[in-house]
Amino acid sequence: MDEKRDVKRQQTWVEAELEDSFDEELEMEIDDERISRE
1 MDEKRDVKRQ QTWVEAELED SFDEELEMEI DDERISRE
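Sequential numbering from 1 applies to the sequence shown in the numbering used here.
Any given hint might turn out to be false.
As the list claims (entries may be wrong) - Derived CB-CB ranges, DEER-like:
{"no.": "1", "residue 1": "Leu26", "residue 2": "Lys4", "range": "43 to 51 Å"}
{"no.": "2", "residue 1": "Met28", "residue 2": "Arg5", "range": "30 to 38 Å"}
{"no.": "3", "residue 1": "Ser36", "residue 2": "Glu3", "range": "48 to 56 Å"}
{"no.": "4", "residue 1": "Val14", "residue 2": "Ile35", "range": "42 to 50 Å"}
{"no.": "5", "residue 1": "Arg37", "residue 2": "Asp6", "range": "46 to 54 Å"}
{"no.": "6", "residue 1": "Glu3", "residue 2": "Ile35", "range": "46 to 54 Å"}
{"no.": "7", "residue 1": "Glu38", "residue 2": "Arg5", "range": "48 to 56 Å"}
{"no.": "8", "residue 1": "Met28", "residue 2": "Lys8", "range": "27 to 35 Å"}
Just so you know, the hints here were simulated from the structure itself, not pulled from any lab data.
Only a predicted model underlies this, so the values are computations on that prediction, with no experimental measurement involved.
Backbone N, C-alpha and C define an ideal beta-carbon position, used for all residues, glycine too.
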């Protein structure tokens, strides 16, 4: 039972890291668009 909880916690951590990575990429793309317009 503890193993399932650990796996669930790990998946949540991985998902959070992945989401954060996508957010950072999106922010960089938005910044690139702003710079190219100026």
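- What hint numbers does the structure not satisfy? Numbers 1 and 4, in rising order.
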